[in-house]
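2 protein chains.
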Amino acid sequence: MKYVLLFSGGLDSTTALYWLKSLGHEVRCLSIDYGQRHRKELSAAKKIAARVNAPFHILDLSAARFLLSGSSQTSELEVPEGHYTEESMKLTIVPNRNMIMLSMAIGWAINLGYGGVAYAAHNGDHAIYPDCRKEFIEAMQTSAKLCDWHSIDILAPFVDFSKSEIVKLGAELKVPFELTWSCYKGEDLHCGKCGTCVERKEAFDLSQISDPTFYEIPGKISVSL
Amino acid sequence: MKYVLLFSGGLDSTTALYWLKSLGHEVRCLSIDYGQRHRKELSAAKKIAARVNAPFHILDLSAARFLLSGSSQTSELEVPEGHYTEESMKLTIVPNRNMIMLSMAIGWAINLGYGGVAYAAHNGDHAIYPDCRKEFIEAMQTSAKLCDWHSIDILAPFVDFSKSEIVKLGAELKVPFELTWSCYKGEDLHCGKCGTCVERKEAFDLSQISDPTFYEIPGKISVSL
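If you're matching them up, the sequences are chains A and B in order. One point on numbering: in our numbering, the residue at position 82 of the first sequence is 82, and numbering is uninterrupted. One point on numbering: in our numbering, the residue at position 32 of the second sequence is 32, and numbering is uninterrupted.
Since the hints were derived computationally from the structure, they do not count as laboratory data.
All copies of an identical chain are treated as equivalent in the list; a pair is satisfied when it fits inside any one copy or across any two copies.
In silico DSBU-like pairs for lysine-lysine, Cα to Cα no more than 30 Å straight-line:
| id | residue 1 | residue 2 |
| --- | --- | --- |
| 1 | 193 | 168 |
| 2 | 174 | 40 |
| 3 | 134 | 145 |
| 4 | 168 | 185 |
Same shape as in the complex, but just chain A (with noise of 0.2 Å):
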């Protein structure tokens, strides 16, 4: 099947990406730019979609900042560090952020006749993150069935997943860890003290997988400095 796939660049949606290709999808890897800070991960994204030889786009939403601009990503306000807790993850929310992306990617998907639009959604994000639940996954299934005459399936593999497990099965898959990016901040290094990279490092841990990234050791002037 055909799909199109959010892609970020990070852990979680490169593992999706090697994960559909080892079942012989066929995948166009869609990256969005809502102006966010982190957006190193873009180029991690074009890197690693070039590996395995995915057409790879940006959509630049960065015009789209006004509506957004209540979220530490699209804003001026810090990046919480430590783990996360409810408020310092409410801060990292882009309102509407799955629905906007999901939008973009069926609307692209019909133009290319596609079958399918996937998205890396886990367990780990249910709490925090209301659209990445299964309940809204399936609302947004429902309404991409109806957009349109070409009836677009939502694929979210990974939503019964840990983070973890993701790390599990991208090992398996021989996904390279090195070249994803999870980092809020976007500096040189991953910071290693803002919430995704807390998670992050948990993951590897949690599942007992070598873990690859250079984090930067406060305190400590870093090798790429």
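We have chain A already, so just place chain B on it with the hints.
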């Protein structure tokens, strides 16, 4: 209540704006520039919003043209003339347009702390535009309730109205029809020949409301040239 209204500056969404205001709602208007031919509607929209003191914003989504290029509204295809046939209307469809526009409006409404999003789908659109049908609106309503902690209502007040019923309501609400813009060609005057012009004329005829629109008459040099 406070609403974000998807506002094109056409006859339908202008009537929706006047209707919402007549009920005492606070309304912000969102026009989407997705690279359509009839950008003239955007300047009509701006004038009309100013007339009722509704804040008005244009979101430039023209960067998404590469996703949406299968339509005569966003590509170099000829705009079909004459009354809409199923085939000619399909040519004027931007794939997944309403989901894309609603998702943006919902994101904005969440950010503003507004209660709802309104759009002016009507029953004349049903057969042609799948994303104007009740089933689609209901699915999007469910999605909009689940995409965030802050639940958003989707209001489509004209879903059971014909276009001539919208004209009747607009006349009661003293909508300045002469300021509204429908024509897909986006030239100096309404062409009077494309599907949306034919539909507009018909709606005034059927409602027996005087049509203040200047149409370009083929073979005659129009006063504005």
